[in-house]
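Throw the hints in and build the complete structure from the sequences for me.
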Amino acid sequence: MSFINLKNVVKVYPDGTQAILNSSLSIEKGELVVFVGPSGCGKSTLLRMIAGLEDVTEGEIDLDGNRINEIDPSERDIAMVFQNYALYPHMSVYNNIAYGLRSRGIKKLEIEAQVTNVSELLQIGDLLSKKPGQLSGGQRQRVAMGRAIARDPKVFLFDEPLSNLDAKLRVQVRLEIKKLQRKMGTTSIFVTHDQTEAMTLGDRLVVMNKGVMEQVGTPMEIYYHPKTKFVAEFIGTPSMNFITGSIKDKTFKASSFAVPAKYEDKDDVILGVRPEDISITKATTGVKCKVELIEKLGSSTVIYCVDMKENQLCVSTQSRASVEVGDTIHISTNNKALHFFDRETSKALTK
Amino acid sequence: MINRLTQMFAHFILLLGVLLMVIPIWLAFTSSTHDNVTLITEGMQWYPGPLFIENYDEVLNEKGGFSEEITATGMLINSFIMGLGIATLKVIISMMAAYSLVYFRFRLATPIFWFIFITLLVPLEVRIFPSYKIVSDIGLTNSYTGLVLPLVASATAVFFFRQFYKSVPDELLESAKLDGANSWRFFIDFLVPLSKTMIAAMFIFMFVFGYSQYLWPLLMTTDEKYWTVVMGMKLIYVELYEGVSLPRVGQRFAYIILSIIPPVLIVVLLQRWFIKGLIQTEK
Amino acid sequence: MKKVQFKSKYTQYIFLAPTLIIISIFLYLPIVQTFRDAFTTQDAFGFGRFFAGWDNFKFVLSDPSYLVALKFTFIYIFVITVISCSLGLLLAVQANKVIHGKSAYKTLLIWPYAIAPAVVGVTAQYFFSERFGILYALFNSLWGFDWTANIFDAYIYLFIAGSWKQISANFIFFLAGLQTIQKSVIEASLIDCRSSLRRFWTITFPLLMPTTFFLVIINITYGFFDTFGIIDTTTIGAPSGETKTLVYKAYIDGFRGLDLGAAGAQSIIMMLLVLIITIIQFRYIEGRIHYN
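Residue numbers (the working numbering), protein chains in the order written: chain A, 105 to 455; chain B, 45 to 327; chain C, 48 to 339.
Honestly, the hints are just simulated from the structure, not real lab data.
The hints are all genuine.
Covered stretches of chain B (in silico footprint by chain C; criterion: 3 or more residues with CB under 8 Å from a CB of chain C, positions within the stretch not fixed):
{"id": "1", "segment": "149 to 159"}
{"id": "2", "segment": "196 to 204"}
{"id": "3", "segment": "209 to 219"}
{"id": "4", "segment": "297 to 310"}
Not close to chain C: a few residues of chain B, all C-beta gaps over 10 Å, as computed:
{"id": "5", "residue": "Asp-79"}
{"id": "6", "residue": "Pro-94"}
{"id": "7", "residue": "Leu-95"}
{"id": "8", "residue": "Glu-102"}
{"id": "9", "residue": "Ile-114"}
{"id": "10", "residue": "Ile-125"}
{"id": "11", "residue": "Gly-129"}
{"id": "12", "residue": "Gly-183"}
{"id": "13", "residue": "Thr-185"}
{"id": "14", "residue": "Asp-223"}
{"id": "15", "residue": "Ala-244"}
{"id": "16", "residue": "Thr-265"}
Backbone N, C-alpha and C fix where the C-beta goes; we use that ideal spot for every residue, glycine too.
In structure tokens, the structure reads:
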């Protein structure tokens with residue numbers, strides 16, 4: 105029995121909108137699971153159902169062996185960090201952190217010790233007497249974290265807690281959250297639309313789309329073995345290239361492409377290749393392309409080009425390629441890293 | 045989390061509240077449709093009676109008052125003119141004043157703000173006799189101007205619009221300036237359309253204020269042509285109260301119901317704007 | 048203030064002119080007149096007015112009936128504010144909570160706001176009249192209610208008539224206030240605290256403070272000035288002058304006696320009272336309730 109179990113969970117809003125379609129998931133104790141997906145995919149709804157802020161239409165949610173569908177949010181022993189932090193604006197930082205403890209009737213001395221503890225851990229000791237209005241975005245984020253940690257709950261729920269921070273701070277806080285979670289060993293669920301955040305943070309990812317869990321797995325599993333075209337496209341930057349064609353005699357053929365494919369013969373197949381799995385060849389054996397746009401990122405260069413049949417392709421290379429817009433280049437794919445999807449179902453082909 | 049019990053409790057409280065608000069007016073309405081004998085012998089009636097058309101027709105068309113020059117229809121029109129006049133003028137001049145105070149840089153801005161603001165301290169009721177004297181000196185008694193103008197000046201609306209303008213982002217003026225808008229253009233093309241909800245909220249607020257005026261028209265109008273429906277409340281259909289005829293209770297209830305219809309309609313129909321406007325000012 | 052503003056020699060005054068002209072004529076002129084009245088008195092032959100110092104004020108404040116009116120005004124304002132604020136808040140909180148029928152409740156609770164105090168008074172008159180009054184009959188059977196003879200009963204009559212429509216006004220503003228509270232803050236408190244009552248007092252109510260203070264002032268102003276129409280259509284001061292508010296008394300005194308000096312002095316005392324209230328309000332708002 106896992107620590108958190110979602111069994112055939114369904115969410116339908118009173119107006120008939122289906123937010124979550126039959127989803128099941130098991131989360132182990134101490135794990136950090138990230139729900140990732142585009143906006144409107146249902147990831148936040150699912151998190152809020154676990155928190156008890158949304159009703160469960162159908163199915164069951166278990167926490168530590170108990171069904172929690174009907175249990176009040178405050179009795180579930182969970183803590184949540186909100187996107188806009190949701191600090192109590194009229195309370196000092198100290199009271200913000202202490203509020204949840206007080207409501208549970210914990211003794212004053214114990215609360216004091218706990219708040220001191222948390223504020224040291226998060227280095228917010230000198231902010232305790234301030235009001236949220238006087239804090240910077242980063243400081244507010246820490247207080248929100250402190251409020252969650254102070255209660256030492258069974259589960260942390262993070263609802264896009266980094267999206268209101270600037271890019272640099274976001275990376276820094278991301279690291280801190282990861283470290284903190286390791287240290288405390290508290291089971292956590294983190295919701296984000298940012299796939300980099302998801303990849304770096306999660307022990308496991310749940311990629312969601314339109315209310316469906318498309319794939320659940322470790323970041324590497326998801327990156328290297330995407331089960332659907334959506335997952336393949338959503339995870340990884342720049343996005344994966346897709347070319348439609350068909351497989352015949354263990355070879356995938358498209359307008360200008362021909363690569364080996366060890367699958368049954370099939371029409372309507374989509375080939376997926378990540379930009380970093382395409383390289384520029386010196387020889388003229390590869391596919392001929394014309395360069396349309398170049399993005400130099402320093403550590404790598406992203407080249408957007410188009411082949412003779414007007415297929416858009418994106419190539420990412422580590423080498424400092426001396427390529428200019430308008431040049432003609434020849435490219436070849438790393439044939440060990442190809443992905444094939446059924447065009448109808450969008451699912452990865454199986455051998 | 046939907047909790048059945050708290051939902052039921054909420055509905056229960058709200059229903060009680062609705063009853064508290066509706067019952068008095070319902071009783072007034074039902075009683076307005078009965079004949080006076082029934083009302084006097086049996087008291088107020090819970091169910092509608094047969095005289096709806098008769099009573100209302102009588103009230104709307106019969107000339108009342110001491111010199112019998114005005115009908116309730118005429119008084120309703122006067123009230124409407126008063127409410128509309130006060131609301132419209134107040135909104136317009138307050139918007140202009142607030143605009144000047146927020147969007148112009150000049151040294152007198154702060155003193156002028158206080159000059160306007162301090163008038164919050166002296167509602168009409170406090171300065172009623174001197175006000176009456178001035179209005180009558182100017183010769184405005186028994187006129188719509190006299191009913192409306194003295195009530196148009198108020199700090200409340202200036203204050204609300206000022207708060208609202210302050211919350212408008214600076215970028216709006218910056219970009220308007222880049223587009224070459226002068227102060228008049230900016231006011232008319234940008235700020236007025238942007239203040240729509242605020243204007244609606246203030247308008248409702250001020251219409252109700254103007255329509256509800258009681259003391260001022262009572263003092264101002266000796267000519268029955270200018271009577272308003274609210275001030276007439278105490279005067280009309282009571283002339284026979286102590287005489288030999290029956291008190292005309294049914295007619296008075298009909299008069300009460302008629303008098304509350306215009307402002308209630310405005311508030312109910314425009315309530316969405318009203319609440320929106322209030323939320324804007326809160327921010 | 049705005050970072051970017053217009054600069055002009057005279058345009059700002061064009062925008063201000065209508066307000067300033069009307070305020071000067073219809074507000075400042077009467078105020079000046081009020082002060083002149085308050086510090087002068089009519090000479091014996093009616094030829095003119097001469098300076099009288101604080102005489103008018105002394106006269107007003109030494110009048111026992113003035114102190115009665117002062118006391119009643121404060122009691123009346125206090126009771127109306129407490130009743131209508133608390134019921135308005137209770138209804139607003141419930142209306143904000145219900146999932147079904149929200150807008151129907153809103154409409155049904157908002158409309159009495161639009162009814163003029165004088166109309167409320169005339170209606171209340173019927174409910175409390177000996178001949179027709181449902182409430183008169185009810186209270187009379189309970190404890191021999193008779194507002195024409197008993198001060199306490201007259202108070203009850205006016206408390207009910209005065210608070211009724213104000214519940215609706217308070218409801219509207221509280222509802223608007225509740226809608227400005229961030230949803231996620233309420234959700235955070237749902238996770239932090241089990242008891243809904245405790246949540247209300249520790250989170251929702253403090254966050255409503257700006258609205259509450261605004262409403263307290265609105266209710267005080269209402270109780271002070273707008274209740275004129277109610278009193279004039281209900282008790283008219285019955286049993287014997289105990290239910291006159293300051294505004295009502297000033298009007299009646301001025302109208303009957305035409306003692307302009309005393310009326311002026313009464314007006315100035317009222318201005319002072321409103322001034323004090325306003326200052327307290329500003330102090331409080333500036334000091335306590337600015338969150339962002």
